[in-house]
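So the sequences go chain by chain: A and B. Under full-length UniProt numbering, the first residue of the first sequence is numbered 1, with each subsequent residue one higher. Under full-length UniProt numbering, the first residue of the second sequence is numbered 1, with each subsequent residue one higher.
These aren't lab readings, by the way, just hints derived from the structure by calculation. Glycine residues also receive a C-beta, built at the ideal position from the N, C-alpha and C atoms. A hint or two may mislead.
Claimed, not checked - With a cut-off of at most 25 Å between alpha-carbon atoms, the simulated DSS-like pairs for lysine-lysine come out as follows:
1) Lys241/B <-> Lys291/B
2) Lys224/B <-> Lys139/A
3) Lys241/B <-> Lys251/B
4) Lys291/B <-> Lys251/B
5) Lys139/A <-> Lys225/B
6) Lys294/B <-> Lys225/B
Unchecked claim - Partial selection, computed: residues in chain A whose CB lies under 8 Å from chain B:
7) Leu61
8) Ser122
9) Phe124
10) Val128
11) Val131
12) Tyr137
13) Val160
14) Val165
15) Ser169
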Amino acid sequence: MTSDTDSTGGRVDAYAEWIITLAVLGIMSTAFLAARSWPPDAAMFPMVLSGLAIGLLILKLVFMVMAALVPPPATTEETPAADEADGGGDLDEPPPGAFATANGRAWGEALLCLVIFFTVLSLFGIVVTLVVFGIGYLKIVGHRSLIFGVIYVGVLMGAVHLLFVQLLSLPLPEGILFP
Amino acid sequence: MLEAAISGLVQIMSPGAFGLMMIGIIIGMVVGILPGLGGPVALALMLPFTFGMTPIETFCFLLSTLVVTTTAGGITSILFGIPGEATAAAIVLDGHPMAKAGEAGRAIGAMLMASLMGALIGAVLIVLAIPIIRPVVLAFGPPEFLMLALVGLTFIAILSDGSMLKGLIMASAGILISLVGLDPQTSVPRYTFGMLEMWDGIGIVPIVIGLFGGPQILELMLSKKSISTRKAAGSTSGILKGFADAFIHWKTVVQAGLIGAGVGVVPGVGGSVAQFIAYGHAKQSSREPEKFGKGSIEGLLAASGNNNAKDGGSLIPMISFGLPGSVSTTIVLTAFLIVGIDPGPAMLTEHLDVTFSMIWVTIIANVIVLLITIPIIAPLSRLTMVSGPLLAPFLLALVVLGSYANSNSLFDVWVMLVAAAVGVICQRFRWPVVPLLLGLVLGDICERYFFLSQALFGWDWVTRPIVMGFGALMALIFFRAGLQSWKTFKNKRAVQ
């Protein structure tokens, strides 16, 4: 079995397929075992469901093992055989875009931004988050001027306040430290 | 009946009622465009304002908000890939790829026209169904509701992007998520991990926003490019082409409308299911099923055409029996009681004009939305050409606020975040997310009606005629999907 991730990033990554399948199998097995401690009425449906899912996942693993053992026919575009045996794997599929083509730096930058956004959100609430993140993100990632960032955030905050607070009387997310 | 129809129309065109309808339309558009804030939220917020209104004014106000919310939800789905409503999730599947390809104007135009046609179908169905609906609805018991939910699940076979096994696994995962919370029979907490927030279960809204919106935002942050790079995004010709598409593919729209209205009649099933059944049916009966999910106009029309028809359908049991088919109609039912009307047979005699006013509102509100939206389609479509770093903070705010509004708790924001991570993994490694959503929506319904069926009839429920009819339909759907998969597999082998 080899990873078939290539420069286009358009095909299923064989390693990821194994990891996802095994992870879901782990979740379903845990769900099945957890249901055993409940009263029969509460446990029946989850046990039947997780049992069925475990069966399906084992079937998928069998397909994957078969695909790993039997080399696929030589083609210019390699398609994972396990997916193919399941009737899947469209040769005409477009590449999945930025997820497959972005480099490690882009991934690191985007994920770091998200971590900062949600950390600030949980600590200080949405108002502070939008101000800090909005201005910072536009300045550092968007390469916009500070004035542009302030205007952008001002308009965004105004719209949020008008729609959520004034018009719909809905509360805004508050943080642990700065409600 | 004609007199009542005219009376209903005249009454809603009175300045007071019409003015309230316009206010409802504007509120509905705002709420619909914002992700997470659905029709039920808008109606619940507007309900206190109905005290002191006449029945006609009340329904002008509330129903216009409801139907417009449903329609406007599709705009965000198309432009940003973030469903404005849980019931607009299927619109993302083909609407957003069209926006990416520079056809946002065409997609919004087609969505609006299909929604209007769907509203007309729902309205016609109400008129036709009210006199005969009583025996039909009464023929449906828990076993039939269970089978209808199972029919919805069989569409997983069609909505699995060519990999039925993955689709079934994802649907199982969705059903498993729907089981989180207190068991309805024994009140035992299931899969709650000792967290009190999970006792009420996991909300569908944050999951829909995360699954569909999360990957779109991350993609923008990674690529730093705009959603679309083509200049024709919102041209007038594109909008008109979208309108024309709805008429060219009128069969798809009518079928989607009938499915929406039919599912809407069934209490508790709702639009989250109807959209995928309509979409799955359109894919199955299309000559170009391979285009679905990649910007198919038929897929978009099917997903849009059922929405408002579903609202019309859900009004039928509410008007006839006082039996609400959804959260939204439950709130409308509350409004009935506030203005002193008892739903039931009197709605077909004493208050027939009120019934017709509701039908007129669903039609006229959609016509007005279409007219209001036409001039703003072009500027809205240009949002798809704004660069990624400019859109990202705005979209992050939308998804956070939309998720938070589900229960005013940050817990829902974390649920959305986890769903977003799942959505990204699924998109990157081609695991279908629609079956997961369908399983999530239908899992709870399946379990509830299965237990009720067992408690009421034992295993005898499987021999009921409608149950057997639905069983045959399921077998047919699976057979056709299996045949299609086999043909595809054989074709690929032949090519290789």
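To see whether the hints hold, each was checked on the structure:
1. For the given pair, Lys241/B sits about 19 Å from Lys291/B by alpha-carbon distance, which is consistent with the 25 Å threshold.
2. Restraint check: the Cα-Cα separation between Lys224/B and Lys139/A comes to about 14 Å, which is no more than 25 Å; the hinted pair holds.
3. Between Lys241/B and Lys251/B, the direct Cα distance comes to roughly 17 Å. Compliance with the 25 Å bound is thereby established for this hinted pair.
4. At roughly 18 Å between alpha-carbon atoms, Lys291/B and Lys251/B fall within 25 Å of each other, so this suggested pair holds.
5. With a C-alpha separation of about 16 Å, the suggested pairing of Lys139/A with Lys225/B holds against the 25 Å cut-off.
6. Distance restraint check for Lys294/B and Lys225/B: the Cα-Cα separation of roughly 20 Å lies within the 25 Å cut-off, and the hinted pair is therefore satisfied.
7. Against a cut-off of 8 Å between C-beta atoms, the interface hint on Leu61/A is violated, since the closest Cβ of chain B lies about 11 Å away.
8. Annotation: Ser122/A was flagged as interfacial toward chain B, and the flag holds, the nearest CB pair being 7 Å apart, inside 8 Å.
9. The closest approach between the C-beta of Phe124/A and any C-beta of chain B is roughly 12 Å, which is over the 8 Å cut-off, so the hint fails.
10. With a least beta-carbon distance of about 12 Å to chain B, the hint placing Val128/A at the interface is violated under the 8 Å criterion.
11. With 8 Å as the threshold, the beta carbon of Val131/A stays out of range of chain B, its nearest partner Cβ sitting at about 10 Å, so the hint is violated.
12. A distance limit of 8 Å between C-beta atoms decides the matter here; for Tyr137/A the minimum to chain B is near 6 Å, and the interface restraint holds.
13. Evaluation of the Val160/A hint against chain B yields a held restraint, the C-beta minimum of about 6 Å falling below 8 Å.
14. Against a cut-off of 8 Å between C-beta atoms, the interface hint on Val165/A is violated, since the closest Cβ of chain B lies about 11 Å away.
15. Because the smallest distance between the Cβ of Ser169/A and any Cβ of chain B comes to about 7 Å, under 8 Å, the interface hint for this residue holds.
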